[in-house]
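Here the structure of chain A is known, so what remains is to put chain B in place on it, guided by the hints.
So the sequences go chain by chain: A and B.
For the first sequence, the residue numbers in the numbering used here are 1 to 595.
For the second sequence, the residue numbers in the numbering used here are 1001 to 1659.
Heads up, some of the hints might be wrong.
Here are some of the chain B residues that sit facing chain A, going by a computed Cβ distance under 8 Å [unchecked claim]:
{"#": "1", "residue": "ARG1118"}
{"#": "2", "residue": "ARG1148"}
{"#": "3", "residue": "LEU1159"}
{"#": "4", "residue": "ALA1189"}
{"#": "5", "residue": "GLU1284"}
{"#": "6", "residue": "ALA1332"}
{"#": "7", "residue": "ALA1653"}
No farther apart than 25 Å at their CA atoms in a straight line, the calculated lysine to any residue pairs in the SDA-like style are these [as the list claims (entries may be wrong)]:
{"#": "8", "chain 1": "B", "residue 1": "LYS1378", "chain 2": "A", "residue 2": "GLN239"}
{"#": "9", "chain 1": "B", "residue 1": "LYS1300", "chain 2": "A", "residue 2": "GLN115"}
{"#": "10", "chain 1": "B", "residue 1": "LYS1530", "chain 2": "A", "residue 2": "SER589"}
{"#": "11", "chain 1": "B", "residue 1": "LYS1300", "chain 2": "A", "residue 2": "TRP93"}
{"#": "12", "chain 1": "B", "residue 1": "LYS1300", "chain 2": "A", "residue 2": "VAL90"}
{"#": "13", "chain 1": "B", "residue 1": "LYS1432", "chain 2": "A", "residue 2": "ARG476"}
{"#": "14", "chain 1": "B", "residue 1": "LYS1432", "chain 2": "A", "residue 2": "PRO479"}
{"#": "15", "chain 1": "B", "residue 1": "LYS1300", "chain 2": "A", "residue 2": "ARG97"}
{"#": "16", "chain 1": "B", "residue 1": "LYS1378", "chain 2": "A", "residue 2": "ALA233"}
{"#": "17", "chain 1": "B", "residue 1": "LYS1300", "chain 2": "A", "residue 2": "PRO24"}
{"#": "18", "chain 1": "B", "residue 1": "LYS1530", "chain 2": "A", "residue 2": "GLU586"}
{"#": "19", "chain 1": "B", "residue 1": "LYS1300", "chain 2": "A", "residue 2": "THR37"}
{"#": "20", "chain 1": "B", "residue 1": "LYS1300", "chain 2": "A", "residue 2": "PRO98"}
{"#": "21", "chain 1": "B", "residue 1": "LYS1530", "chain 2": "A", "residue 2": "THR369"}
{"#": "22", "chain 1": "B", "residue 1": "LYS1378", "chain 2": "A", "residue 2": "ARG241"}
{"#": "23", "chain 1": "B", "residue 1": "LYS1378", "chain 2": "A", "residue 2": "GLN203"}
{"#": "24", "chain 1": "B", "residue 1": "LYS1378", "chain 2": "A", "residue 2": "THR211"}
{"#": "25", "chain 1": "B", "residue 1": "LYS1530", "chain 2": "A", "residue 2": "ALA583"}
{"#": "26", "chain 1": "B", "residue 1": "LYS1530", "chain 2": "A", "residue 2": "ASP368"}
{"#": "27", "chain 1": "B", "residue 1": "LYS1300", "chain 2": "A", "residue 2": "TYR25"}
{"#": "28", "chain 1": "B", "residue 1": "LYS1300", "chain 2": "A", "residue 2": "VAL105"}
{"#": "29", "chain 1": "B", "residue 1": "LYS1300", "chain 2": "B", "residue 2": "ARG1244"}
{"#": "30", "chain 1": "B", "residue 1": "LYS1300", "chain 2": "A", "residue 2": "TYR32"}
{"#": "31", "chain 1": "B", "residue 1": "LYS1530", "chain 2": "A", "residue 2": "ASN391"}
{"#": "32", "chain 1": "B", "residue 1": "LYS1300", "chain 2": "A", "residue 2": "ARG113"}
{"#": "33", "chain 1": "B", "residue 1": "LYS1530", "chain 2": "A", "residue 2": "ALA365"}
{"#": "34", "chain 1": "B", "residue 1": "LYS1300", "chain 2": "A", "residue 2": "ALA445"}
{"#": "35", "chain 1": "B", "residue 1": "LYS1530", "chain 2": "B", "residue 2": "ASP1546"}
For the record, the hints were derived by calculation from the structure and aren't laboratory data.
The beta carbon of each residue, even a glycine, is placed where N, CA and C say it ideally should be.
Residues per chain, in single letters:
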Amino acid sequence: MTESPPPAHSPKRSTVRSLLRIWPYARPIRWYLVGSTSAAMVASLAGLLIPLVLKQIVDGPVSHHDAAGLWWPAALLLVLGLAEALFFGVRRWLLARPLSGVERVMRADLYARLQRLPVTFHDRWASGQLLSRATSDMFTIRLFLAFPLVFLIVNSMVFLVGIGIMFALDWQLAVIAVLPAAPLIMLCSYFERRYSAAARLAQDQNGDLATIVEESVLGIRILKAFGRHRTMAQRFRAQARELRGTELNKARLLANLWAVIVGLPELALGTALAVGVVQVAHDVTTAGTLVAFLSTALALRWPVESLGWLLAYSNEAATATDRFFEVLDTPLADAEDRVTSTGPGAGGSRDGIRFEGVRFRYPDAPADTPDLLQGVDLHIRHGETMALVGNTGSGKTTMTALLPRLYDPSAGRITLDGADITALSRARLRELVSVAFEEPTLFSASVRENVLMGAPEANEEELQRALDVAQAQFVRALPQGTDTQVGEQGLSLSGGQRQRLALARAVVGTPDFLVLDDPLSALDVHTEAQVERALRRVLADTTALVVAHRPSTVLLADRVAMLVDGRIAAVGTHHELLETSPAYRELMSGERVPA
Amino acid sequence: MSDTGTVLTERQLTERQLTDRQSNTTEAAVEAETLDEALVEEQLPDPAEPVAEPAATAEGEDIPVPPGAPRALLRSLMGPHRRRIVLAVLMIVLQQAALQVGPLLVSIAIDRGIPALRDHDAGPLIAVTAGYLGCAAVATLLQRAFIRLSGLINQDILLEMRRRIFRHAQLLSLDFHERYTSGRIISRATSDVDAVRELLNEGLQELLSVALQIIYISGLLLVLDWRLGLVSIASAGPVFLLQRSYRIRSREIYRRSRSAVASVIVRFTETMNGIRPVQAFRREEANDASFAVPNAEYAKSNADSSLSMALFIASARLTANLWIIGVVLWGAYLVADRELELGVLAAFVLYLRRLFDPIDQLAMFVNSYQSAAAALEKIAGLLAHEPSVPEPVEAVPLPEQPAQSESAPSETALTGREIVFDEVGFAYRTGKQVLPEFSLRIPAGQSVAVVGATGAGKSTLAKLLARFYDPTGGRVLLDGVDLRELATAELRRGVVMVTQESFLFSGTVADNIAVGRPGASREDVEAAAKAIGAHAFISALPEGYDTDVRKRGGRISAGQRQLVAFARALLADPSVLILDEATSSLDVPGERAVQEAMRTVLAGRTAVIIAHRLSTVEIADRVLVMEQGRIVEDGSPSDLIAGTGRFSRLHEAWRDSLV
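With the rest of the complex left out, here is chain A (with noise of 0.2 Å):
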């Protein structure tokens, strides 16, 4: 479940580079962005010149017993407490809306990416890898643009005015208060990058332990029903102690990280004071002069303590950028189409589906396996409806996803009334072949949407035609009819009553190639033989290959195929077959027949 997928190819960027990739969708905001960090200048600056102001003040003013001298140095001081106030709100006002549009676009683009890529991409890289890239990478990428992006320049600029300044006011004294700068900026650099490895450790931890969680929530029947919560128990005991490790881990890092973060400025600012007092007791410098020196040095602590993290997150950033892009560098499953044909018809001739040599493995397979499919021949005559029947494993669910090509065999044809499938576009292949999945899977959606999904066209009329061919009469019962929402957000239904509502999607609006992969699997013996009745007078005159694994589902079909060793290994009817092939026998009695 947490296992990443293997790596694109890509070698190891750098961080710059591969931040850089964010540019085409951060270009559309870029004035923003100059704006905000603009804004962000000018608060800064306006922060780092109170102290000198109030220099001014106690200089002036102040030591002259000279309160109407006061009143200019007041004047300035509200207008830069304005400034910087007002600054610090409008860069973040400037960004707010633009940069959460940038995440909008990207994970727009993201999941548009992902719904077209083959269904093989899919087969390797986890739903949880993919929506960690849509949630929690974006949000990365977003809070970059806001923060690192801009304090990265601000702060550089801020840390080397503010070195200006304390130069200009008392140079023995900023190099005093300078010289922890670059120890600390280290520092903490490698403290954040030690620190967000560690956290991430914590993260992966914490995901196997909420996979234990999980695991012992949706298998509780069986742990229940085996008494097995003990062992449960100590996985997850000992999983929760590996956390607290990495978590005790984390504080030390975070220990040491704070104590450098409080300790060498505060050392470096007690030995400023130290010598300060001496020059001012010797005149060397004024005492407005050390305090607005005290008040810079502490106002340069921010900018040099969040270097460090900033770079650590600017890196967090890059990785970000890397995965998103893994996902958008991959070809789209259409990028080496050559359609040649987007007629109306699939073909011209009335041939009906043939299958011709088709080879077919899975890419992940391990290398000394066989091909699954090792050279399949098969032809369902126009209006034929074909049962495909073979062991368990024999790649029956595999040769029906070849049709709408959610596979591509590695070798052979298919033909659907004499095309070839591949020179017609996905769109139109997959509008002619309509398919009802082994695993009946609804959306988020009325039930009505998710009948329809099979054609988008058909009217009211068809769509209680197709409810009534899958025995979906329960629909009417439900609260708000075919207008109830089903799937994951609305109501919950049956395993038998998902699979009678796939069933009415894969016949709706009458298609021409029907694929039905064990249809009736979850019915119950009544539905069963009522969904048959009905079933047939649909495949009378549809082109049908209907996977199964009963008896009764093969009696749907006119012929039967046998799929053995990768090959279709005797095609006929139920009753030729029963007669003539011990195997068949075999697989729809379960009685074992000699060799």
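For chain B alone, kept in the frame of chain A given last:
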């Protein structure tokens, strides 16, 4: 103070939102998975009737939280660490004192050190400098020690809390799990614990420091000059008001943002998990459009949240700056009038900037406190829920069996145990009756098939026998012992149930089979797999029995999963075996293999078999036909087939389909 100050705190908030989000992710994924599992039949009173009841309970939190439970939970968790907590608080009190003394020393240095130095007396300066450096060192070391100690306390508390939730969730009965939904239990143990963790890790420490900082600085300001001090402290008023209005605004936005991100996640996972139908039905463009809605809503709430933050920070900073300027100007007048010393003013200037530093942190703290309090309440509610299928206080052992072997499934026929339903009835908590009172005796060694339409009560019967539920009336007896009086371990050795759910735990295929009997040898595991006809497909997996089902399990079909479940049961070698739709996804040869195994390996065991398929019935000694919770036909298969009842009609229809 610069804007970056809020960056660090914002980052903490970010990380917290991230963990939130990640647990949301798992939650959504888990819910997706849960929904894939076929719903428990009893939740469907009638196949034609929609599932109003469970859907309704899935919406609202239906666990009442006893008043004071969250506080009691917190107390019981913190109790064992009382001393360490006191020590930690002491540390932070001292640390903040040492840290806040700095500007005061600056003021002393200016007011005393300079004049003394001019009189060639370096004593005060040396003392002050030494004090400053000493304080810095003490603050640093205490900070370090505090973070380590509080980390230790927090982690121990969290470990205990996680352990309790886990253990309790395991103890709770199945009907609770069915009502409460797995997604919610999981989020109790993950995202809610995370919320508490965030509060413990960042929040409390921060709050303590910030509060102490404010108290110390206010105190010092008052001591330095009470007039200026009072005015400075008065600034808390407007800042507090600003903070409150921000909190109210952000609460609303946070809520919107959470529901928006939940929609984004649900849409996203739904699409990726259903990529085959998405592509096969050309949903890509329609999905782009419908994904855009929550995506835009999420972007909007994010922007609103940033804007509201911008407004708060700008206005709070503005207030603070104006206040500082006012205080400094007044102070300057006082110094000009010789009513205030210059050093005191310098100290004021330095302290005031510090006083306003933690404004933003306080706002963050409020957020994390709110979510942690809500989480703690939910956790306490879960922990306060009493298991409805409790362990017996005094367990009664099962009578000895002559040839009961605890080791490998052997060839010798073992005797099963006798099952008696003694005037048993069962009703839901809502009062809806599922099984009207009935009595039934199944002699040891008998195989009983239970058939009937969906919702007839077959699964409830099985679950009462497995003691997943306790009957609302009457007793279920195993060899004369009430199930409620059996120790869990003993009960599970005696009765094992295989359900249609084909859940696989992470780990290898062998691990999954060995759940039946931990510590079983590889030979035993393989023998069980062979006996059930699962050996062939397992050997064909990339790494055979050592294939990790999470990594390469995507293509283990539902039927194959059921075979693994059977192998598990075979390995457990119980005296009573219950099969609840356990063969629904098997093809005919698979089903045959299972029946074969039951005829040989499990011969002599008592078995209760629930099935849609009549082929399963063939191996049964006896058939029960159920309808609306009642047993309407009871007899041997041949008798029933020969008769004219429901079973006979069903069987005839089924026979016809075979030829």
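Hint check:
no.	hint	in the structure
1	ARG1118	holds (5 Å)
2	ARG1148	holds (5 Å)
3	LEU1159	holds (5 Å)
4	ALA1189	holds (4 Å)
5	GLU1284	holds (5 Å)
6	ALA1332	holds (5 Å)
7	ALA1653	holds (7 Å)
8	LYS1378(B) to GLN239(A)	holds (23 Å)
9	LYS1300(B) to GLN115(A)	holds (24 Å)
10	LYS1530(B) to SER589(A)	holds (21 Å)
11	LYS1300(B) to TRP93(A)	holds (13 Å)
12	LYS1300(B) to VAL90(A)	holds (18 Å)
13	LYS1432(B) to ARG476(A)	holds (23 Å)
14	LYS1432(B) to PRO479(A)	holds (20 Å)
15	LYS1300(B) to ARG97(A)	holds (7 Å)
16	LYS1378(B) to ALA233(A)	holds (22 Å)
17	LYS1300(B) to PRO24(A)	holds (21 Å)
18	LYS1530(B) to GLU586(A)	holds (19 Å)
19	LYS1300(B) to THR37(A)	holds (22 Å)
20	LYS1300(B) to PRO98(A)	holds (10 Å)
21	LYS1530(B) to THR369(A)	holds (21 Å)
22	LYS1378(B) to ARG241(A)	holds (24 Å)
23	LYS1378(B) to GLN203(A)	holds (23 Å)
24	LYS1378(B) to THR211(A)	holds (20 Å)
25	LYS1530(B) to ALA583(A)	holds (20 Å)
26	LYS1530(B) to ASP368(A)	holds (23 Å)
27	LYS1300(B) to TYR25(A)	holds (18 Å)
28	LYS1300(B) to VAL105(A)	holds (12 Å)
29	LYS1300(B) to ARG1244(B)	holds (23 Å)
30	LYS1300(B) to TYR32(A)	holds (17 Å)
31	LYS1530(B) to ASN391(A)	holds (16 Å)
32	LYS1300(B) to ARG113(A)	holds (23 Å)
33	LYS1530(B) to ALA365(A)	holds (24 Å)
34	LYS1300(B) to ALA445(A)	holds (23 Å)
35	LYS1530(B) to ASP1546(B)	holds (16 Å)
Checked against the numbered hints above, the structure breaks none of them.
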